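Let the sequences and hints guide you as you build the complete structure.
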Amino acid sequence: MKLLTLNFLTCARKTCKTNPAAFPLHPREAELEQIEAEINPLLIQNLLPRINWEVLKTISQELGLPSLPESAPDSEDFMTEEGEPTQTLKDLHTLLMEMNVQNGKLVCGSCEHEYAIKEGIANFLLPSHMV
Amino acid sequence: MSRPEDILPPDLFYNDIESRKYTTNSRIKSIQASMTNRALELLDLDTPSLILDVGCGSGLSGEILSGVPEEHGGPHAWFGMDISSSMLGEALERDVEGDMLLADMGQGVPFRAGTFDAAISISAIQWLCNAETSDVTPEGRLKRFFDGLYASLRRGGKAVCQFYPKNPQQRSMISNAAIKAGFGAGILEDDPDTKSLKVYLVLTVGGGDVSGTVSRMSDVDVQDARRKDKKRGKEFERKGSKAWITRKKAQSEAKGKIVKPNSKYTGRRRKTAW
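Chains as they are written, first to last, in the UniProt record's numbering: chain V, 1 to 131; chain S, 1 to 274.
No lab work stands behind these hints, which were simulated from the structure alone.
Treat each hint with caution, since some may be false.
Here are the simulated lysine to any residue pairs, SDA-like style, with alpha carbons at most 20 Å apart [to be verified]:
| # | chain 1 | residue 1 | chain 2 | residue 2 |
| --- | --- | --- | --- | --- |
| 1 | V | Lys-14 | S | Gly-140 |
| 2 | V | Lys-14 | S | Gly-182 |
| 3 | V | Lys-17 | S | Gly-114 |
| 4 | V | Lys-14 | S | Thr-133 |
| 5 | V | Lys-118 | S | Glu-93 |
| 6 | S | Lys-166 | S | Ala-131 |
| 7 | V | Lys-17 | S | Ala-151 |
| 8 | V | Lys-118 | V | Asn-103 |
| 9 | V | Lys-14 | S | Ser-134 |
| 10 | V | Lys-105 | V | Val-55 |
| 11 | V | Lys-105 | S | Ser-85 |
| 12 | V | Lys-17 | S | Tyr-150 |
| 13 | S | Lys-143 | V | Arg-13 |
| 14 | V | Lys-17 | S | Ala-181 |
| 15 | S | Lys-143 | V | Cys-16 |
| 16 | V | Lys-118 | S | Ser-26 |
| 17 | V | Lys-14 | S | Pro-138 |
| 18 | S | Lys-143 | V | Thr-18 |
| 19 | V | Lys-90 | S | Pro-75 |
| 20 | V | Lys-105 | S | Arg-112 |
| 21 | V | Lys-14 | S | Arg-112 |
| 22 | V | Lys-17 | S | Lys-143 |
| 23 | S | Lys-143 | V | His-129 |
| 24 | V | Lys-17 | S | Ala-113 |
| 25 | S | Lys-143 | V | Val-131 |
| 26 | V | Lys-118 | S | Gly-89 |
| 27 | S | Lys-143 | V | Met-130 |
| 28 | V | Lys-57 | S | Arg-112 |
| 29 | V | Lys-14 | S | Asp-147 |
| 30 | V | Lys-14 | S | Ala-151 |
| 31 | V | Lys-14 | S | Ala-131 |
| 32 | S | Lys-260 | S | Arg-270 |
| 33 | V | Lys-90 | S | Glu-97 |
Pair ranges (Cβ atoms, derived) [unchecked claim]:
| # | chain 1 | residue 1 | chain 2 | residue 2 | range |
| --- | --- | --- | --- | --- | --- |
| 34 | S | Ala-113 | V | Pro-69 | 21 to 27 Å |
| 35 | V | Lys-14 | S | Ile-17 | 32 to 38 Å |
| 36 | V | Thr-94 | S | Asp-6 | 46 to 52 Å |
| 37 | S | Asp-6 | V | Glu-36 | 41 to 47 Å |
| 38 | V | Pro-20 | S | Glu-41 | 46 to 52 Å |
| 39 | V | Trp-53 | S | Gly-67 | 29 to 35 Å |
| 40 | S | Ile-28 | V | Pro-69 | 43 to 49 Å |
Treat the numbers as computed from the prediction; the structure is a model and nothing was measured.
Glycine included, every Cβ here is placed at the ideal spot set by N, Cα and C.
The structure is reproduced here in structure tokens:
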């Protein structure tokens, strides 16, 4: 499960829908793995306005990754004048697209329900009394 | 012809054997691929986007999403949802690029508002019409799914869901549930009146008429089945007009009041006097 996905996932329970603490889900006991992926500057540029930078900072801190800059990078800094991707873009790509949580769990901040992650797939099935 | 929906719930039906069959069968693969390409054509994305694949299965359609060439606006990033763990196991083996969740679409879409540019679903949403336990209803599951999908798409986003309705009732149940959730909805039929009929539910969030989606395609006939806003009788009859006066007189008469009889002069305008 990529860090990009963690930036969008919320708790699946209906009662948590209205609670702001249901987003983000907090990774616990996470095993990280870096899986190489091809860089796509245009995609990252399109996604950047939608990414919640504060949440990205908290999650990478919880995962024990190096701390991120205070504010989100500007999409103008992504390309050098020769049209090559800059270091900022490469770092962001590594963080969002290549960092994968392989095993562990996600915990909702509001109801403290734990969603297990196995082999990179999170289990969001809820028993019927919790739906 | 037997329908898998009538045999078992999806998480049990797609066990290891069925999942393997589904993923390796070249006929199923080619049908899936052509449907995904058709859905992509309907979505009309011109820049790399974030797409939700509902009922992603073994990632057959996801592979196509990540493989869209640059000149056609790709490659896209995608997240998948599926209820069958065997199907997701197949996807892991095939090493697909998107992130996947083991989730039931009838329990909602667990993403925050405005996450996706688009959503696709190939041969999945007819499963919502089955309730496997007594504490859920097909209507409830459909509502939960479409409400969640509506919220997770950004404004101006689109969703294309290909599905196999069992009968016309199921078809209208699904499209009505989508309309109720707030989508602009349209149904596209490929190869109508043949055995290989394919039904696509095209949904838009905010902005524009849904028929605008197909305006750039040739060979598509648009039939508008929406009810026209019928003006109610009252709004047509202006206060003080002849129709209004006769109606009021009839009303009073029904109440038992004394009313002057109607004549050819009733409600007629007087000459303009000095």
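A quick look at each hint next to the structure:
| no. | hint | in the structure |
| --- | --- | --- |
| 1 | V/Lys-14 <-> S/Gly-140 | holds, 13 Å |
| 2 | V/Lys-14 <-> S/Gly-182 | holds, 19 Å |
| 3 | V/Lys-17 <-> S/Gly-114 | holds, 14 Å |
| 4 | V/Lys-14 <-> S/Thr-133 | holds, 19 Å |
| 5 | V/Lys-118 <-> S/Glu-93 | holds, 14 Å |
| 6 | S/Lys-166 <-> S/Ala-131 | holds, 15 Å |
| 7 | V/Lys-17 <-> S/Ala-151 | holds, 11 Å |
| 8 | V/Lys-118 <-> V/Asn-103 | holds, 5 Å |
| 9 | V/Lys-14 <-> S/Ser-134 | holds, 19 Å |
| 10 | V/Lys-105 <-> V/Val-55 | holds, 17 Å |
| 11 | V/Lys-105 <-> S/Ser-85 | holds, 17 Å |
| 12 | V/Lys-17 <-> S/Tyr-150 | holds, 14 Å |
| 13 | S/Lys-143 <-> V/Arg-13 | holds, 15 Å |
| 14 | V/Lys-17 <-> S/Ala-181 | holds, 16 Å |
| 15 | S/Lys-143 <-> V/Cys-16 | holds, 17 Å |
| 16 | V/Lys-118 <-> S/Ser-26 | violated, 29 Å |
| 17 | V/Lys-14 <-> S/Pro-138 | holds, 17 Å |
| 18 | S/Lys-143 <-> V/Thr-18 | holds, 17 Å |
| 19 | V/Lys-90 <-> S/Pro-75 | holds, 18 Å |
| 20 | V/Lys-105 <-> S/Arg-112 | holds, 19 Å |
| 21 | V/Lys-14 <-> S/Arg-112 | holds, 13 Å |
| 22 | V/Lys-17 <-> S/Lys-143 | holds, 15 Å |
| 23 | S/Lys-143 <-> V/His-129 | holds, 18 Å |
| 24 | V/Lys-17 <-> S/Ala-113 | holds, 10 Å |
| 25 | S/Lys-143 <-> V/Val-131 | holds, 13 Å |
| 26 | V/Lys-118 <-> S/Gly-89 | holds, 11 Å |
| 27 | S/Lys-143 <-> V/Met-130 | holds, 17 Å |
| 28 | V/Lys-57 <-> S/Arg-112 | holds, 17 Å |
| 29 | V/Lys-14 <-> S/Asp-147 | holds, 11 Å |
| 30 | V/Lys-14 <-> S/Ala-151 | holds, 13 Å |
| 31 | V/Lys-14 <-> S/Ala-131 | holds, 19 Å |
| 32 | S/Lys-260 <-> S/Arg-270 | holds, 18 Å |
| 33 | V/Lys-90 <-> S/Glu-97 | holds, 18 Å |
| 34 | S/Ala-113 <-> V/Pro-69: 21 to 27 Å | holds, 26 Å |
| 35 | V/Lys-14 <-> S/Ile-17: 32 to 38 Å | holds, 35 Å |
| 36 | V/Thr-94 <-> S/Asp-6: 46 to 52 Å | holds, 47 Å |
| 37 | S/Asp-6 <-> V/Glu-36: 41 to 47 Å | holds, 44 Å |
| 38 | V/Pro-20 <-> S/Glu-41: 46 to 52 Å | violated, 39 Å |
| 39 | V/Trp-53 <-> S/Gly-67: 29 to 35 Å | holds, 30 Å |
| 40 | S/Ile-28 <-> V/Pro-69: 43 to 49 Å | holds, 47 Å |
Against the hints set out earlier in the document, violations occur for numbers 16, 38.
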